[in-house]
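S.K.: Now for the letters of each chain:
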Amino acid sequence: MTVLKITKLTQYFSGLRALADFNIQLEEGELVGLIGPNGAGKTTVFNLVSGFYQPTEGVISFLGQPITGLKPHQVTAHGIARTFQNIRLWNEMTVLDNIMLAQHSSLDYGIRDLFFRTGRYQRREREIRDLAMELLEIFKLREVAEEKPKNLSYGLQRKVEIARALSSKPKLLLLDEPAAGLPSRDVVELIDLIRWIHREFKIAIWMIEHQMKVVMSLCSRITVIDFGVVIAEGTPEEIQHHPDVIKAYLGDDQL
Amino acid sequence: MKQKLSVPVALLALLMTVMVLAQYEVIDLYIQTIILFVGINIIISSSLNLVNGHMGEFSCGHAGFIAVGAYVSSVLSVALFTQDRVFGAPLLPPQYAFIGFPLVLLAGGIAAAFAGLLVALPSFKTRGDYLAIITIAANYIIITLIINIDKIGGARGFMGMKRVIFAMEDVAEIPWMILWVFLFTILSIIAIRRFVSSTYGKGIIAIQQDEVAAEIMSVNTNKMKLIAFMLSSGLAGIAGGLYAHVIGYVNPKSFDILKSTEALVMVYLGGMGSITGSILSAVLFTLLLELLRPLQIIKWVAIPLLLIILMQFRPEGIMGNRELSDIFPRLKKFYRFK
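The listed protein sequences derive, respectively, from chains A and B. Positions 1 to 255 (the working numbering) are the ones given, in order, by the first sequence. Positions 256 to 593 (the working numbering) are the ones given, in order, by the second sequence.
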C-alpha cells in the first residue's frame, strides 16, 4: 500500500524556485532517504509535506487521501510526524510533557471536560500519560522524564524529539537530519535506533541526511535533489556511483 | 484525606472569618474594600498571566476587557433589578438580585470574552510587538465606544449598582460582595489552574516556547490562541463586573491604559506563567497601592520605578515561572489544588 504519494510538487518563494516537479512514492514500511547539497530544497520538501508551507503546485496524498492545503496540525492528525534539523523541543517543559503534548490533536475531550474534570477527561489524560511513559521506557528516557530538555545532552534531546514524534502515533515519520551535530559514537547508536524504530513500530520513514554512513546503511532507496530538481534516484550503490550526484557534491570543474 | 481537604477548609475558614468580621463591623468599610480589591486584582493578574505568561503573547489592553465586563454586568443588573432613571422600572423583582447577580456577572464575562476576539483574531497572523500594538488599540476602541454611548452615561460614567447591592441586602443582611468576590476569585483560579495543567491547555505553553513546533507537532495554534484570549478576557470581564459593583460607579476613564499597566505590573511582579506568583503579586500590589495613597500622584512615580528596579534585578518576577509547590515540594504533603 502506498503511504505517501507526491506528484508534480513545485514551490516558489516570491519568484525564486525552491522545488520543481518533485515526484515520489513511499510504500508501507519503507525506509527512504532524501539527500542533496546544502540549499537543495530538502527541508522545503518536508515543510511542504508537513503542511508548514502551502505548495505553489502539485498534489500530496497520504494513504490515498489528498492532504495538500491542510494545516500542519491536521497533517499530524492524519499520521505524519516529523523532527527538525535544529532540535525544536519545548525547552521549559518536562520531557514527559513534551511527549504527552504531541498527542494534542487526538485528545478527544473538550473544554467542558477539562473544567469539570469529567471521567472522560481523567481517562484520556491517563491514557496519554501511559503512552508517553511507555515511549520513555522503550527509549530508556525514564530517568529524565521530569527533566527539562535544555538540560539534556544533544544526543538525548534527539532521542526525546524522535519519541515525541512517535507519540502522535504516526504512520510516516519524517526525520530531518537526525545525525546532524552528533559525535560519531552517537551516530552508530542512532543508526541502530532508527533501524529498531522502523522494525518495531512498523512505520514508513523518510529521512534527510548529510552523513553518507547513515543513509547508506539504513535506506533501501535514495532520492537526490539539487537546486530543487531531482537528479538521481535509486539504491544506495547506484547513487554512490551516479555521475550527476558526484558532480553535484564535488562540482564539475575539471582539474 | 488531610491533603485533599486542607485547601477547601482553609478557604472556607478564611471566607467565614472575613464575613463575620465585616458583618459585626470589626473591620471597617475601607479595609473591606481593600480586601475586595485584592480578590478582584487576583482575577485580573492571573487572567492576564494566562496570555502574557503562559502563552507568551504581549497583551497590554487588558483594561478594555475589564471595562466590557464592568459595563455589561452593571447595565444588566441595574436594568433588571433596580428602578433606574434611564432604564425605568426593574424588569425582575429586586429580591431575585442575589440569584441574578452571579448570572449577570457571567453575562459580563461572556461579553468580554467576545470582545477578546478583537485581539484573538489578529493574533493568528501577528505576534510580538505588533500584537501588543493591536491590544492597545483594542483597549482604546472599547473605551471610545463606551464614551460615545450616551445611554450608559458616556464620559460621565454609569452608576446605580449600589442599589443592586441594597436589593440583595434586603433579602439577607450579609456582606454580599465579599461572598461574590471570594467565590469568583476561587472559581477563576480553579479554571486557570485546570486549564494550564491539562494536556489540552498546555498547548498554549507549547506556543510560548516554540510556536512552529507546536503547530507542526499537532497543536491547533489558532484555536488555542482563540480559547486562551477568550478565557483571559472573559475572566477579566468578571473582575470588571465585581469591580463595578464594589465601587458602585464606573467611568470609562478608569479603564484606560493606566489600568492595563497596573495589570501588567502585577503579572511581571509575580512571575510569568506562575499562578501563585500572580496571586502573591496581586496581594502585594493592592496593599502597596493603598500604602502609597498619601503620596497621591507621586504614587505613579513610585510604582513604575518599582517596575524598573524589578526588571533590573529580578526580571523573572517574584516566583519566576514556578509555582509554590515547586519551591517548597514538602508542601505537597499538606495540600492539593487541582
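Any given hint could turn out to be false.
[What the hints assert, rightly or not] Straight-line alpha carbon distances no greater than 25 Å define the calculated BS3-like cross-link-like pairs of lysine-lysine that follow: (1) K71(A) to K508(B); (2) K169(A) to K554(B); (3) K406(B) to K478(B); (4) K148(A) to K380(B); (5) K259(B) to K478(B); (6) K508(B) to K554(B); (7) K169(A) to K148(A); (8) K202(A) to K140(A); (9) K247(A) to K5(A); (10) K554(B) to K71(A); (11) K171(A) to K150(A); (12) K5(A) to K169(A).
Derived by calculation from the structure, the hints in this document are not laboratory data. None of these values were measured; they are calculated from a predicted model.
S.K.: It remains to establish, for every hint, whether it holds in the given structure.
M.R.: Each hint, compared with the structure:
| no. | hint | verdict |
| --- | --- | --- |
| 1 | K71(A) to K508(B) | violated, 42 Å |
| 2 | K169(A) to K554(B) | violated, 56 Å |
| 3 | K406(B) to K478(B) | violated, 36 Å |
| 4 | K148(A) to K380(B) | violated, 29 Å |
| 5 | K259(B) to K478(B) | violated, 34 Å |
| 6 | K508(B) to K554(B) | holds, 18 Å |
| 7 | K169(A) to K148(A) | holds, 23 Å |
| 8 | K202(A) to K140(A) | holds, 20 Å |
| 9 | K247(A) to K5(A) | violated, 28 Å |
| 10 | K554(B) to K71(A) | violated, 49 Å |
| 11 | K171(A) to K150(A) | violated, 28 Å |
| 12 | K5(A) to K169(A) | holds, 20 Å |
When the structure is compared with the earlier hints, violations turn up for hints 1, 2, 3, 4, 5, 9, 10, 11 and for no others.
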